[in-house]
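Trainee: Could you use the hints to bring the two separately framed chains together as a complex?
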Amino acid sequence: MGMPFSVSLVVAIGLGALVGAGAVSGARAELEPDETGVSLTLPPPAPHQVWLPDVVLRHSKLFDGDTGQVLGIVDATWGPSGRPPLLSRARNELYVVEPVYERGHRGARRDFVTIYDAVTLDVKGEIEIPPRSAEVGHGVALVGLEDDQRFLAIFNQDPSNSVSIVDLETRRFVEEIVIAGCALVYPTGSRSFGTLCGDGTALELQLDEQGHEQRQVASDPFFEVIDDPLHDKGARDGARWLFASFEGYLHEIDFSGERPVVAARWSLFDEAQRNQKWRIGGARHSAFHRGTGQLYVLVHQGERGSHKDPGAEVWVYDVKARARVRTIQAASLLPAFLRPQMDVARGSWMDWLLGAVLPNPGVHSIAVTQDDAPLLFMRHGEIGAVGVYDATSGRHLRDLDEVGIAGAGIVVP
Amino acid sequence: MSALDGWIERYARQMARRVGRRSVLGRLGTLIVGGAMLPLLPIARGFGPGPRDAVAAPEEIDGHEGDPTRCEYWRHCAIDGFLCSCCGGSQTACPPGTEMSPITWIGTCRNPLDGKQYGIWYNDCCGRAFCGRCFCNRNEGERPVYHPYRNNDINWCAGAKSQRYHCSTALIIGLVEEGQPEQ
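Protein chains in written order, with our numbering: chain A, 37 to 449; chain B, 1349 to 1531.
Simulated from the structure, these hints should not be mistaken for lab results.
This structure is a prediction, so every number in the text was calculated from the model and none was measured.
Even glycine gets a Cβ: it sits at the ideal position worked out from N, Cα and C.
Mixed in with the good hints there might be a few duds.
Result set (SDA-like, lysine to any residue): computed pairs, CA atoms no more than 25 angstroms apart in a straight line [said to hold, decoys possible]: (1) B/K1509 x A/R142; (2) B/K1509 x A/E134; (3) A/K313 x A/S292; (4) A/K160 x A/L93; (5) B/K1509 x A/K160; (6) A/K160 x A/P449; (7) B/K1509 x A/W114; (8) A/K160 x A/E129; (9) B/K1509 x A/V214; (10) A/K356 x A/G274; (11) B/K1464 x A/L93; (12) B/K1509 x A/K313; (13) A/K356 x A/F258; (14) B/K1509 x A/R139.
Pairwise CB distance ranges, derived in the manner of DEER restraints [as the list claims (entries may be wrong)]: (15) A/D379 x B/I1521: 47 to 57 angstroms; (16) B/T1417 x A/R142: 45 to 55 angstroms; (17) A/R310 x B/V1524: 23 to 33 angstroms.
Okay, chain B solo, but in the shape it has when bound (with noise of 0.2 angstroms):
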């Protein structure tokens, strides 16, 4: 791959963590078909007519918050790193060879289905080389490294046997009643 290839693709990249997922949709059904567009958004579902008390299957989103390559994906909230859903795993496992490391950052997201916050674990998985792809950064709630349960730039492989970087996972811990201070 050359090296303008490479940076295309960074800068896409980046682009698309750096314009919020909500901020892109907002504009674009603000500034393109006006008011209309919003009942279809994923967000403004969580906001509608429906059940909202149960507790929805948080990958039933339509659009980029709910696939789970992207960095928009509703839990990658507070994620800092490549997504492992585009290394061979998925949110919730590590690529094979690949050991998930038992510590980690938390993160609070909101469902945009249900419209309720959920605890996010960001396992590192440990003991391969940087992935390389999917690399992704938000920070809701992020806070800095003396504050480490909430510090995505830790290598969280640490609590792994080997502390080899490879890529970041985005489990459900459960339900929580507060979402991130930013919210």
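With the rest of the complex left out, here is chain A (with noise of 0.2 angstroms):
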């Protein structure tokens, strides 16, 4: 049936009046087209901003802890590490080691530092280095970045311990130094790193100039391997290394020396603490702020041998006082995955529900920034998420949806 005829000459009329009004005030203009071809660049590096791996994704998400956005993402080959890249502001580039193989999973495997330009993000080159590259879970160090940023110390594992340095100036492997029974690289200067070694000592590798060894100094036997061996997540301030042992006692280790010497430990919990089984666990649970020499370690309950356990509390000393100054709370990260799963709003009524039902299954890493007002970043290594929080206040400020997979690194440049 036809409309009839007065009705569609309203409706004609009336179309015609909204055509022309919109013609006429210019209140909606016509979009541009976009122009094609653009990529983003980085912005500058800022204190708040965290490199989070992922080992399946096989790369590193860079997230600005502020906004919870992702600023970009570098690829890291296949691998049970993580390989975060290292930053050399001096330089302007970022450093990730990959063990690559020809055919993907097989063929002839061949490693490489690959260099990104750190604005851009575009691959500037590479440096191939002995295929010995060690792969280990919990991925802390690895890999270190020389403090004037013109050497990396690569730690090797084939499965004989030893060390690849590499030039970043002249983009050159320079020599493999063997590290007989010790394992895991600390930098602790321009020409030096540490190393933690299976004889209950650390080692110091002194290079020259141009990266070659000079000298290995060991420090005295400190501490036992078997009955309460270092945990080998260790915290670093400026030329010493701080690392907690399995049962709750902080090392201080100084390198700046001729050889490196170890402080008297102190114990991280009173006895009350230890009788109710307060343990340090986690993948990465020590993170030090130089600037108030605090020392962050997560904690939580449990028996001997819990000592990659997630916990819900990071307890915060004083380094010099030897003394806690406060605790902070790790809230549940399930409600921080599953909103993003199951479109749910932040703040909303079902956000608090899930807050509420959820279980809270800890955090596996921290990390802190190290400017005046630091972020506290802490990660569970299977939920795709991480919480953010004031490291002052302890105050949980938001978190990073949507992270990755699976992978516990964590990594303030």
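Mentor: If you want it as structure tokens, here you go:
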């Protein structure tokens, strides 16, 4: 059935009036065609940025901790470690150590240091290194950038232990240094780095100006490898490294002198806390804020053998005073994980409900930024979300969501 | 598989390994039916009457402690990785197409059936990408990377032709005199 003439006329007049009004007033201008082929660049490095590697997706995302936005992504090859890039501000480059197989998962292995432009994230070059770079699940202390940012020290394991030195200025592999019985690399200056050894000592390797081995100097034995070993996840304070032991004693190693010197250990737990079975645990459980001299340690209550378990509290210590100064509670990351999956808005009643009913699995890793208003990041290795806290007040500020699938790595550049 | 499904699976697995097998059984036994359940627990049998001096066949264990596809399986006390029993292999053999690394880390696990301590080799199977099933991480007696033969973070495929990690086995070395320092 057709529209009555009178009605059609009214509709036609009305439409004509609307079109005419728009054309005359210009209230809604046409959108301009977008330019094609545009790629953004990274903003300058800032204190609240954090790299979050993922071992399944094989890349690291750079997040802005203040906004929760992703700024860019850098690839890494397949492997269990998760390999966040190291930043040279002096050279404005990022470096990723990558074992690469000729046919994906098979064929000849070759290892490279891949060099990225830190602004465009374009690959600028690569340096081939011996195909022995270590793959260790926790991903800690596998690669160290020396302080003047000229040399890279890469821990090798095939399974004998050594360190490859790479000159980033000339883009050349310098040499491989055997560190029998010792493992991992902890930078201590521009031409030196420390390692921990199976005989209960710390070893320092000192390099000459060209990056060649000059000498190796060991500390006196200071820890029990079987009964109370040091966690190999340390926290750096300049030329000092702080390592907690499995039983909760802090060991401070000073690498500034001729040989590593270890201060008398001190206990992070009092007797009552020990009786309550408080322990240090996780994947990256220790972080140090240089400006305040405060050590952040992830703790849980558990038995011996729980040294990789997640924790839901961070205890903060004034290292000089050897005293705990505050406790920061880790909120459950499960709501942050589920919000994007379930299309739940943060702060909604559903979000509240998720927070009320879901358990708190704790976190495996922490990192603290080094500025005067530091952020504390907390990550669970199997939950794709990261909590962001005011490190001073302990206030939970926000969550970074859709971080990845798996990985406990967390690195503040 | 949706991300939610994946999370639920991962979380269930995580809970399975985070909440210790003995603590789960112990709590259930105590809270639900009291001490009456304890003699039925696998761990209790080792202490009960029976030929404890003979070396028991380790796989004659009922429940999760006898199931090599479970994190609670008794040999898995220091494992970190995907269980080869879930990947086309077994607790003693690699899945087809993969190679067993000749070097490995070592754990010491207590067989609940005979109460004896056994040295366990956790040889990795190598040459393929992650299996991705039955991830398990337990750390009884595990030590940091500088004590490599007690460390389960290291990719032990470093000793194989290809260093691609696929899954982990749990082979009996033999009886040992002492358990882990934790035990």
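Trainee: Hint by hint, note whether the structure agrees.
Mentor: To see whether the hints hold, each was checked on the structure:
no., hint, result
1, B/K1509 x A/R142, "10 angstroms, holds"
2, B/K1509 x A/E134, "18 angstroms, holds"
3, A/K313 x A/S292, "35 angstroms, violated"
4, A/K160 x A/L93, "22 angstroms, holds"
5, B/K1509 x A/K160, "31 angstroms, violated"
6, A/K160 x A/P449, "20 angstroms, holds"
7, B/K1509 x A/W114, "17 angstroms, holds"
8, A/K160 x A/E129, "9 angstroms, holds"
9, B/K1509 x A/V214, "22 angstroms, holds"
10, A/K356 x A/G274, "15 angstroms, holds"
11, B/K1464 x A/L93, "42 angstroms, violated"
12, B/K1509 x A/K313, "43 angstroms, violated"
13, A/K356 x A/F258, "20 angstroms, holds"
14, B/K1509 x A/R139, "14 angstroms, holds"
15, A/D379 x B/I1521: 47 to 57 angstroms, "52 angstroms, holds"
16, B/T1417 x A/R142: 45 to 55 angstroms, "27 angstroms, violated"
17, A/R310 x B/V1524: 23 to 33 angstroms, "29 angstroms, holds"
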